[in-house]
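Trainee: So you can see what is in the structure, the chains are spelled out below.
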Amino acid sequence: MSEDTTARAEHPMAGTSSLLLDRTDVELHVRAMAQTPGVRFADFFGSIEDGELMIRLVWGLDREQEFRIVRWPARGTGYPPLSEVAPAAFVEECEIYEQFGVSPGKGRALNRLVIPPRAEHSFPRLGEAPPHDRPLPHAPHYVSGEAFEFPFGPVRGVGQESMYMGLVTSGEELIDLYLLQWHKHRGIERRLGGEEVARALFVVERTEGLSAVGNGWAFCRAVEAIAEVVPHPAVERSRGVALELERLYNHAAAIAALCQSTGLVVGQAQAEMVLEQLLRLNASVFGHRYLFGVLAPGGTSRAADVDALVTLLPPIMDSLRRLVDALWSTNSFLDRLESCGVVTPADAARLGLVGPVARASGQDIDTRRDHAFGPYGDLAVKVPVRATGDVMARMSVMVAEMEESARLTLDLAGAGLGAGTVEVPPATGSALGWCESPRGESLLWVDLDAGRIRRARVRPGSVRNWRSFDDAARSRNVFTDIPIIEASFWLTVAGLAR
Amino acid sequence: MTPEPEEERVAARLRDATHRLFGRSLHIRTVDTGSCAVCESEIRLLTAPHYDLHRLGLFFTPSPRHADLLLVTGPAIRAFDRALEKTYDAMPPPKLVVAVGACPLGGVYQEDEFVHGQLERVLPVDVFVPGCPPSPLALLQGLLVAVGRLAEKVGAESFTTLGDEEESR
Ligand code: SF4
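Sequence order for the protein chains is A and B. The opening position of the first sequence corresponds to residue 240 in my numbering, with each subsequent residue numbered one higher. The opening position of the second sequence corresponds to residue 7 in my numbering, with each subsequent residue numbered one higher.
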């Protein structure tokens with residue numbers, strides 16, 4: 240083990256540390272970290288550096304307010320099966336195999352993620368293709384005995400994203416569920432390679448448009464760290480306002496979807512009115528309903544309309560409160576949420592979940608507080624935590640977060656908002672950026688070469704949280720609970736499939 | 007809640023056209039070929055109280071077999087070709103395709119190994135609704151234009167041809 244002294248060291252950045260490991264020390268390191276309380280598996284990915292595969296593992300040390308980036312050259316031998324010690328790492332193991340052809344030990348069963356089943360060996364990837372693509376482990380199948388697979392997708396309901404859901408059922412009860420998302424793989428990380436940062440930000444925003452600010456800000460922070468520039472505090476506050484507005488409209492949309500999935504038409508209409516008002520607020524304040532293009536490398540591209548913000552937001556919050564009061568006293572609605580789609584606190588920790596889903600399952604984490612960035616150091620963000628891990632807990636977390644977001648928005652606006660950018664000179668090096676998107680921690684690791692992207696790793700919160708969706712769906716649920724659970728997770732397929 | 011005058015104007019024209027042409031019902035199927043999830047969000051809002059598509063005689067249907075119009079988002083991912091083709095083929099003629107947003111216009115992704123980049127490469131598109139995303143009001147406008155196109159298609163359709171001739175056309 241050695242401290243970083245190599246030519247391609249991580250860029251020193253407040254709140255991160257980096258470590259270069261020998262391949263032989265990896266297993267020991269992971270075992271030690273996975274057993275340390277308060278250490279969270281955050282990300283795991285490869286990049287080709289000077290022709291060699293370098294593997295990086297990111298740990299969230301939330302109590303120490305630090306992200307630890309550990310890396311080692313994989314050179315031929317690959318790496319030990321980390322998911323045996325840190326189960327959260329499984330999806331990323333599959334990904335590294337698919338994208339770089341390096342597997343964690345021989346004969347491990349890996350899932351196919353984004354490479355379509357009939358894809359040629361030449362299907363574009365980040366590195367070299369594995370000698371054989373693994374067969375689809377979950378081809379639609381009949382389960383012997385009393386269960387069968389109900390195929391749902393990839394074309395799903397009205398206004399829903401494409402995804403294949405294999406629901407294994409005996410008729411009513413859900414026995415197993417798996418997801419295939421290669422229908423939406425757009426090769427985002429691959430197409431970011433070689434781009435200039437401004438153009439890359441355009442793509443990052445559209446990776447998962449419902450977290451455009453969350454992911455975009457994480458990207459900007461990485462780029463700004465490499466170039467060693469810091470936007471003006473008033474501009475950072477504007478970014479904070481955009482981020483909180485993004486959270487507000489997303490949570491409103493989740494509540495509307497919860498009402499829809501439980502057949503509560505009146506509640507749905509009320510929630511959609513709040514949602515539409517919030518989107519119009521975004522348009523009045525920042526000129527775009529979904530806040531695209533607000534961020535720019537080095538700052539923001541637009542000034543916020545503070546008057547619109549402070550006059551329009553409070554009445555919208557009043558409508559929201561009326562809606563939420565009514566929902567909390569509608570027993571037929573609450574009955575559907577209670578004990579539905581449970582994610583236990585142990586699973587939430589084991590799978591490295593983030594955001595509202597993690598907080599509803601007892602995980603007291605929020606990057607705005609634990610890894611404070613931009614204006615959040617001064618704001619004392621209140622983080623709601625619930626213990627039951629069911630749909631009701633997730634809704635309760637979202638409602639509490641909306642109140643907090645409204646408070647933060649008005650506090651930020653009160654402190655004065657600025658616009659404009661500082662110049663971001665074309666720099667070389669790598670850094671990790673992070674942000675608390677509506678779906679939880681977004682991580683963007685960026686490696687620049689004279690201002691152009693060599694490798695960008697995009698890890699939206701959705702990627703982590705889909706990991707527990709099947710567990711939630713299996714836990715004592717029936718078929719018709721699936722849309723309710725999906726609404727309460729409020730993730731995107733776009734963010735997962737990238 | 008009072009609708010904006012602009013919304014009312016578009017809505018009234020769309021309602022009249024749908025009523026005249028379809029006896030009060032036009033059915034829409036949506037399909038996502040790789041969107042960023044935001045165009046879906048705007049589409050879902052079409053049935054929300056501010057826009058309320060149903061009052062105009064337009065309905066979403068979960069089945070392509072009942073659909074007159076296919077609302078497509080995304081840059082036409084190649085891996086999705088089969089699913090898109092099956093959805094389109096399952097719709098009875100005459101049928102319409104409305105492409106939603108900058109993605110199917112090629113404004114977000116260039117053609118490459120992952121995506122066709124433009125929906126027109128794989129489906130005959132009747133109307134493009136630009137925007138990233140197009141607002142629900144823009145979508146209503148787009149639907150209005152599409153409904154007019156359908157009138158032309160219905161006019162050109164022969165209702166006396168047999169299945170075989172239909173095939174050879
Ligand atoms: S057109 Fe824009 S908003 Fe719509 S799916 Fe594409 S990137 Fe997203």
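Since the hints were made in silico from the structure, they are not lab data. Incorrect hints may appear among the rest.
[Claimed, not checked] Derived DEER-like restraints, expressed as beta-carbon distance ranges:
1) A:417 <-> B:113: 32 to 38 Å
2) B:96 <-> A:267: 39 to 45 Å
3) A:434 <-> B:96: 34 to 40 Å
4) B:55 <-> A:662: 42 to 48 Å
Small disclaimer: the values here were computed from a predicted structure and weren't measured. C-beta atoms are modelled at their ideal positions from N, C-alpha and C, and glycine is treated no differently.
Trainee: Now look at each hint and say whether the structure bears it out.
Mentor: Status of the hints after comparison with the structure:
{"no.": "1", "hint": "A:417 <-> B:113: 32 to 38 Å", "result": "34 Å, holds"}
{"no.": "2", "hint": "B:96 <-> A:267: 39 to 45 Å", "result": "56 Å, violated"}
{"no.": "3", "hint": "A:434 <-> B:96: 34 to 40 Å", "result": "39 Å, holds"}
{"no.": "4", "hint": "B:55 <-> A:662: 42 to 48 Å", "result": "46 Å, holds"}
In the structure shown, a violation is registered for the earlier hint numbered 2 alone.
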